[in-house]
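**Student:** Sequence:
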Amino acid sequence: MKQIRNKKVWTDAYADTETAIEDVNVLYEFNKEGEATDKEVTAAYNKAFKLIEELEFKNMLSAEEDNLDAVVQITAGAGGTESCDWAAMLLRMYKMY
Numbered sequence: 144m145k146q147i148r149n150k151k152v153w154t155d156a157y158a159d160t161e162t163a164i165e166d167v168n169v170l171y172e173f174n175k176e177g178e179a180t181d182k183e184v185t186a187a188y189n190k191a192f193k194l195i196e197e198l199e200f201k202n203m204l205s206a207e208e209d210n211l212d213a214v215v216q217i218t219a220g221a222g223g224t225e226s227c228d229w230a231a232m233l234l235r236m237y238k239m240y
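Here the working numbering is used: the first residue of the sequence shown is 144, the next is one more, and so on.
Some clues are possibly wrong.
Said to hold, decoys possible - Beta-carbon label-pair distances, calculated as ranges:
| hint | residue 1 | residue 2 | range |
| --- | --- | --- | --- |
| 1 | Met232 | Ile195 | 33 to 39 Å |
| 2 | Arg148 | Ala231 | 34 to 40 Å |
| 3 | Asn168 | Met236 | 52 to 58 Å |
| 4 | Trp229 | Ala158 | 42 to 48 Å |
If you're looking for bench data, these hints aren't it; they were derived computationally from the structure. In this text, a Cβ means the ideal position worked out from N, Cα and C, and glycines have one as well.
With the sequences and hints as input, model every part of the structure.
**Tutor:** Shown next as structure tokens:
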């Protein structure tokens, strides 16, 4: 079931990206004919570019082990209280993430 859900996420993201690219092409043609503004074309392009970047990033993290949890260990070094403070800040940052 998880594999099916994962495939659906991929196909939905691909379909959204494909639609956004088609929108850019159509708006560009309208722009050449004077029916769409440069602002509209730029907005559509930025949206399509963002979706493409998201797909590329998702593809980089698509290995089987990328879905697994990780264990992070934070230890203070020999820096005394400043080292302990830094370790505490780092731990807090990871917890909030």
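**Student:** Hint says 34 to 40 Å; check whether the CB-CB distance for Arg148 and Ala231 agrees.
**Tutor:** Since Arg148 and Ala231 have Cβ atoms about 38 Å apart, the given range 34 to 40 Å holds.
**Student:** Do the beta carbons of Trp229 and Ala158 sit within 42 to 48 Å of each other?
**Tutor:** For Ala158 against Trp229, whose Cβ atoms are near 45 Å apart, the range 42 to 48 Å holds.
**Student:** Starting from the hint 52 to 58 Å, judge whether the C-beta atoms of Asn168 and Met236 obey it.
**Tutor:** violated (42 Å)
**Student:** Holds or violated: 33 to 39 Å for the Cβ distance of Met232 and Ile195?
**Tutor:** Because 35 Å falls inside the window, the suggested range holds.
In terms of the numbered hints stated before, the structure departs from hint 3 and from no other.
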